[in-house]
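Here's the letter readout for the chains.
Protein chains: 2
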Amino acid sequence: MSKSAVILLSGGLDSATVLAMANAQGYNCHALSFAYGQRHNSELKCAEKVAKTLGVVSHVVTDIDLSTWGGSALTDSIDVPKKGIDNGIPITYVPARNTIFLSLALGYAEAIGARAIFIGVNAVDYSGYPDCRGEFIEAFQSMANLATKAGVEGDPFTIHAPLLEMSKVQIIKRGLELGVDFSMTQSCYDPEEGGRACGKCDACRLRDAAFAEVNV
Amino acid sequence: MSKSAVILLSGGLDSATVLAMANAQGYNCHALSFAYGQRHNSELKCAEKVAKTLGVVSHVVTDIDLSTWGGSALTDSIDVPKKGIDNGIPITYVPARNTIFLSLALGYAEAIGARAIFIGVNAVDYSGYPDCRGEFIEAFQSMANLATKAGVEGDPFTIHAPLLEMSKVQIIKRGLELGVDFSMTQSCYDPEEGGRACGKCDACRLRDAAFAEVNV
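Keeping their order, the protein sequence lines are chains S and F.
Mind the numbering: the first sequence is residues 1 to 216 in the numbering used here, read in order.
Mind the numbering: the second sequence is residues 217 to 432 in the numbering used here, read in order.
Just so you know, these hints were derived from the structure itself, not from any lab.
From the three backbone atoms N, C-alpha and C, an ideal C-beta is built for every residue, glycine too.
Treat the hints with caution; some may be incorrect.
One side only, chain S facing chain F, incomplete, derived with CB under 8 Å [stated by the list, open to error]:
(1) V57
(2) V60
(3) Y93
(4) E135
(5) V152
Start from the sequences and build out the full structure, keeping to the hints where you can.
This is the structure:
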């Protein structure tokens, strides 16, 4: 079997770096993005550019409308906070988002014969989301190998989260080393008409502070 | 918090019985069905009838097109086997289907404040699917409580799989006791035009043998 991987690609800087890392490790990369009713769906255009530029075997965009049930500032008519990063789990948390994304990646991976799934979660700079922690990734992997034909037949899946213990600055430096053009990426939760970043939401603050530190 | 539950409702006899059981336990039931590109999508009409007749607080049908990547006789142009039940995992296995369904149910449950999720998996009569086993359900529940805001904040989710250790005959008897009208349900994987069951696929064989034994 060829060394294929499914890469969750959002259009942000983390997943772009992950795709570059997986490419550098020699994987045949199949990118997977989701139109999930996010208010920042201009990120999907970024995902497309990133996939084209860094190179992938295929790029699939799947529709799953999580705004059907809302419950998050990213998919609902709740305002995105812009006054700075608070403690605790933020209102931009989308219920079970990474579980849903990884589950679909798992189905896709099994269907195409890939056993590696890459996700750009990161627990260091921003540990507010429960589904961005190592414990969650490990539990998902164990579950995945009980859930699937490949898993129970001894050809297990591995969930790769190479950014898990990296700071935003480390991620940007690694991406630059691998030739990622970060001007193609978008992190903003609430971009203006035309896709311009707001500069005030948590994602913009983290991104801007890290770029300032790297001097880019 | 009111005692709310999300019920995965396919339109088959198992999930109809599960809905009746959850109702009997006093839950406010929110039914969730999926249009996932299944060739037997006439089951969704059955799900609607079952939800209306047994009574639910709401019924949501979510689109997720798993036929984008195929890999199963239920979502692809692979023939559904009709010569009898074989050993091993059948070709009607849909990669990661129950993981995907439970993940979406988890997001929905968290968004509406429900902590109980009901699924009609059954490991006795038909143990061919890895994601119909108790080990999988337990692993999913553990993962879910690491993945979610509610889970990490000490208000955990429970995945209820009340049919897990029941035979098809026991399931039908329990459903009849609870007033389920099984004529509204559909189990066939490959129904004819108009929704008539083929009578030959694994799902039809299991259903018909069980009804014959119950004398209905």
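How the hints compare with the structure:
1. V57: violated (13 Å)
2. V60: Nearest chain F Cβ about 6 Å off; hint holds.
3. Y93: holds (6 Å)
4. E135: Constraint on S/E135 satisfied, holds at 5 Å.
5. V152: With a closest approach of 5 Å, the S/V152 hint holds.
The structure shown violates just one earlier hint, number 1.
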